[in-house]
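Chains as they are written, first to last, in UniProt numbering: chain A, 1 to 441; chain B, 1 to 441.
What the hints contain is simulated information worked out from the structure, not anything from laboratory work.
Just so you know, even glycine gets a beta-carbon here, dropped at the ideal spot from N, CA and C.
Treat each hint with caution, since some may be false.
Simulated restraints on C-beta separations [stated by the list, open to error]:
| id | chain 1 | residue 1 | chain 2 | residue 2 | range |
| --- | --- | --- | --- | --- | --- |
| 1 | A | Ser177 | B | Val227 | 50 to 56 Å |
| 2 | A | Val29 | B | Glu97 | 27 to 33 Å |
| 3 | A | Val90 | B | Glu67 | 55 to 61 Å |
| 4 | B | Gln186 | A | Thr334 | 44 to 50 Å |
| 5 | A | Asp57 | B | Ser154 | 28 to 34 Å |
Partial selection, computed: residues in chain B whose CB lies under 10 Å from chain A [claimed, not checked]:
| id | residue |
| --- | --- |
| 6 | Ala149 |
| 7 | Gly300 |
| 8 | Pro301 |
The lines below spell out each chain.
Number of protein chains: 2
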Amino acid sequence: MTDILKVGVAGLGTVGASLVRILEAKANVLANRCGRPIKVVAVSARSRSKDRGVNLDGLTWFEDPVELAKFDGIDVFVELIGGEDGPAEVSVRTALETGKHVVTANKALLAKHAVVLSRLAEDKGVSLNYEAAAAGGIPIIKTMRESLAGNDVSRVYGIMNGTCNYILTRMEREGLSFAECLADAQRLGYAEADPTFDIEGFDTAHKLALLTSLAFGCEVNADAIYVEGITSITTADIRAADELGYRIKLLGVAQRTDTGIEQRVHPTMVPKSSAIARIDGVLNAVAVDGDAVGEVVLVGPGAGGDATASSVISDIVDIARNVSMPVFSQSATTLETYVPARMRAHEGGYYIRLAVLDVAGTFATIARCMADKGISLESIVQRGPHSRNDKDGVSDPAAPRSVILITHETTELAVREALDAIAAENVTSGKPQMLRIENLK
Amino acid sequence: MTDILKVGVAGLGTVGASLVRILEAKANVLANRCGRPIKVVAVSARSRSKDRGVNLDGLTWFEDPVELAKFDGIDVFVELIGGEDGPAEVSVRTALETGKHVVTANKALLAKHAVVLSRLAEDKGVSLNYEAAAAGGIPIIKTMRESLAGNDVSRVYGIMNGTCNYILTRMEREGLSFAECLADAQRLGYAEADPTFDIEGFDTAHKLALLTSLAFGCEVNADAIYVEGITSITTADIRAADELGYRIKLLGVAQRTDTGIEQRVHPTMVPKSSAIARIDGVLNAVAVDGDAVGEVVLVGPGAGGDATASSVISDIVDIARNVSMPVFSQSATTLETYVPARMRAHEGGYYIRLAVLDVAGTFATIARCMADKGISLESIVQRGPHSRNDKDGVSDPAAPRSVILITHETTELAVREALDAIAAENVTSGKPQMLRIENLK
Numbered sequence: 001m002t003d004i005l006k007v008g009v010a011g012l013g014t015v016g017a018s019l020v021r022i023l024e025a026k027a028n029v030l031a032n033r034c035g036r037p038i039k040v041v042a043v044s045a046r047s048r049s050k051d052r053g054v055n056l057d058g059l060t061w062f063e064d065p066v067e068l069a070k071f072d073g074i075d076v077f078v079e080l081i082g083g084e085d086g087p088a089e090v091s092v093r094t095a096l097e098t099g100k101h102v103v104t105a106n107k108a109l110l111a112k113h114a115v116v117l118s119r120l121a122e123d124k125g126v127s128l129n130y131e132a133a134a135a136g137g138i139p140i141i142k143t144m145r146e147s148l149a150g151n152d153v154s155r156v157y158g159i160m161n162g163t164c165n166y167i168l169t170r171m172e173r174e175g176l177s178f179a180e181c182l183a184d185a186q187r188l189g190y191a192e193a194d195p196t197f198d199i200e201g202f203d204t205a206h207k208l209a210l211l212t213s214l215a216f217g218c219e220v221n222a223d224a225i226y227v228e229g230i231t232s233i234t235t236a237d238i239r240a241a242d243e244l245g246y247r248i249k250l251l252g253v254a255q256r257t258d259t260g261i262e263q264r265v266h267p268t269m270v271p272k273s274s275a276i277a278r279i280d281g282v283l284n285a286v287a288v289d290g291d292a293v294g295e296v297v298l299v300g301p302g303a304g305g306d307a308t309a310s311s312v313i314s315d316i317v318d319i320a321r322n323v324s325m326p327v328f329s330q331s332a333t334t335l336e337t338y339v340p341a342r343m344r345a346h347e348g349g350y351y352i353r354l355a356v357l358d359v360a361g362t363f364a365t366i367a368r369c370m371a372d373k374g375i376s377l378e379s380i381v382q383r384g385p386h387s388r389n390d391k392d393g394v395s396d397p398a399a400p401r402s403v404i405l406i407t408h409e410t411t412e413l414a415v416r417e418a419l420d421a422i423a424a425e426n427v428t429s430g431k432p433q434m435l436r437i438e439n440l441k
Numbered sequence: 001m002t003d004i005l006k007v008g009v010a011g012l013g014t015v016g017a018s019l020v021r022i023l024e025a026k027a028n029v030l031a032n033r034c035g036r037p038i039k040v041v042a043v044s045a046r047s048r049s050k051d052r053g054v055n056l057d058g059l060t061w062f063e064d065p066v067e068l069a070k071f072d073g074i075d076v077f078v079e080l081i082g083g084e085d086g087p088a089e090v091s092v093r094t095a096l097e098t099g100k101h102v103v104t105a106n107k108a109l110l111a112k113h114a115v116v117l118s119r120l121a122e123d124k125g126v127s128l129n130y131e132a133a134a135a136g137g138i139p140i141i142k143t144m145r146e147s148l149a150g151n152d153v154s155r156v157y158g159i160m161n162g163t164c165n166y167i168l169t170r171m172e173r174e175g176l177s178f179a180e181c182l183a184d185a186q187r188l189g190y191a192e193a194d195p196t197f198d199i200e201g202f203d204t205a206h207k208l209a210l211l212t213s214l215a216f217g218c219e220v221n222a223d224a225i226y227v228e229g230i231t232s233i234t235t236a237d238i239r240a241a242d243e244l245g246y247r248i249k250l251l252g253v254a255q256r257t258d259t260g261i262e263q264r265v266h267p268t269m270v271p272k273s274s275a276i277a278r279i280d281g282v283l284n285a286v287a288v289d290g291d292a293v294g295e296v297v298l299v300g301p302g303a304g305g306d307a308t309a310s311s312v313i314s315d316i317v318d319i320a321r322n323v324s325m326p327v328f329s330q331s332a333t334t335l336e337t338y339v340p341a342r343m344r345a346h347e348g349g350y351y352i353r354l355a356v357l358d359v360a361g362t363f364a365t366i367a368r369c370m371a372d373k374g375i376s377l378e379s380i381v382q383r384g385p386h387s388r389n390d391k392d393g394v395s396d397p398a399a400p401r402s403v404i405l406i407t408h409e410t411t412e413l414a415v416r417e418a419l420d421a422i423a424a425e426n427v428t429s430g431k432p433q434m435l436r437i438e439n440l441k
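Hey, can you work out the whole structure from these sequences and the hints?
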């Protein structure tokens, strides 16, 4: 096979420009690795005149990515447009329908349409590759789909959003507030002007949905994911976690349980000694627990033009090497319907922070409410009146005091009922903070 | 493709028994993932009567692995015999010559014969897969060969021997001597009765040789690797490293330099803040620096029956899925001859521990010898007479004192010449300790 593999790239943002540049710069080495040349022959983007630092001379230009997807002159359609619907969805579907291989970095698209698109790819006998759609430069898709094929996976979890990890790392290291760290992240280009998608956990949820399907052989179902973002995390939580031997990370976790498969994204207390606790800044990390291999952890950049392009290229290289892989590790027709575990049945330890006005009088009430629900406590910490609080660093003798509880393993339902019972006693003020503790080595 | 993929397994030790058991237990899920069944149909081992905890009924038995390799009834020959020559080499060659795919976990075999065997596999149009030959359950071969295909690699390094890492971790955590930790490792089955191969660094070197070829597109050349084991490491070194902000790890490092490619295995000072410093016990980790992706780190079990079998199965699954991959990421005929960098040209910082009798009188001499070779010092630490020494924990005023130097970046040649010059001054006793510092994030 020495035919040129002809590539069309839709979307020339940061990743698209990196991709075109690297494929051009490394044409010889890639041809050597694939046994055939890879060549970008056509592109599509909104503005033709914008300077992207790459040479587009000689490439066929399409205003409309759907026209590029239909173009007979390409073998592979690379979708880097973004968005769960609209041009991205139409063009990917069109490319598959017209018999082209598709490579996409679009987690939102796949989180919503993976079932339909994977069946379509299979019907047409073409590849639908998406290494860049989860954890950027980290080869987690290939690892799960191929390297761990001999394993039953019990859990996959990870830090898959660099924006959140950057904010949490800065809060921990420098004692800054969430708002300050978010503003810095925006200034440095680590967060969007509208950061909702990242900080509310939706980006992590989209990525997790793909890993869940690979791990458990079920259809992608992002809507069923329990999602909590990091906006409620205060420096008081960060400090308390530190004192108790934990760090707070936004994790996506998919886990097999007796009642179904948990998919959850939430700020999580992870033991300081765990590998995942040490992933700082914009780095990502994904861990897979397999019954044969044990735990494998992959660490690397979760974003960035060149790092993401590296994963897109690996997908294109697979196609050039005639590697054809079931999209979710097995035929799309054999994927099982996703059976969610109920979040209220989630089992684990919990961190609870309550604001109380009269500490002495309320300890007994709190302890009784927890005991009534069968919850035993591993530790209770009361922050004294001279503790800094997270608003202004000044202590106020009349201000609420924090009481922090760490529970032994219990259920989400028990904790929620206990917190409702405590609220009904009128001994606390404001909304309690509740963070799940993940049992990690 | 619904034909059964028929597998022959040569060698029924820990890994072989795990492999046969897992392939049997997961027959259905693997068939689903591969689109065809995988079935062990024949085996070869020394003793037919030994109880291995797996059911061998109905399998064709061969006394001689070479006969199994010739057997027309198999599509894939799995070599788990071990050894760089002898039956392993003859049977692998025979299997390839007779048109069978080969999967092997044998790093020694490949370190010696990879050039010949990869060409033979290519001539015959069959796969030669070896995921289990480097870092056990960690999918580093697939990652380098496929996931990072779009990268120019500047360095690959890692902890690839669990025995050594276990010993160094115990020495650090418990202040025990090398000999005590080795004895424990032997008692726990982490080290062989004759541990030479592990503790002298040869096992790491074999694995590194394979990664070097994948990283730099050159022929495998294990003989050119600079190898130092961990037998010279004392608790004094471990303690000094700790005080200076480092840990000592046995690393294999392959790195592109101006004069060629360095391949080296040696105990290494790594900054405590680096990811690799936190890999403890029998865990392995491999890091790859790619120009597009940045650094990717993979962590997982480097040994063990099931973990190693997990990698062997991924190789078999690739064959079942008709994935055909160049053995070293590009055609064996295009691999370049390995051009070694000279170890004396190695650039980096150094840790040096000298035993001196009269500290006051010798500082100036030592400093002058270093300065004469253009070596500047980052720090000098003199251990006082009340420091514990690593032999017995009792101080002796007449005993030699340790002087520990950390150099700024310099060359191996300069350090060796400076140490020769110091030795000629007769102000030190015994052999100086010299450890390289690896520049890691």
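Each hint, compared with the structure:
Range check, A/Ser177 to B/Val227: about 52 Å between beta-carbon atoms, so the 50 to 56 Å window is met. Roughly 31 Å separates the CB atoms of A/Val29 and B/Glu97, a value that falls within the hinted 27 to 33 Å. In this structure the hint that A/Val90 and B/Glu67 lie 55 to 61 Å apart at CB holds, the actual value being about 59 Å. Look at B/Gln186 against A/Thr334: about 47 Å separates their beta carbons, and that is inside 44 to 50 Å.
Range check, A/Asp57 to B/Ser154: about 30 Å between beta-carbon atoms, so the 28 to 34 Å window is met. Using the Cβ-Cβ criterion of 10 Å, the hint placing B/Ala149 at the interface with chain A is satisfied: the shortest such distance is roughly 4 Å. At its closest, the beta carbon of B/Gly300 sits 4 Å from a beta carbon of chain A; the interface hint therefore holds under the 10 Å criterion. With a least beta-carbon distance of about 5 Å to chain A, the hint placing B/Pro301 at the interface is held under the 10 Å criterion.
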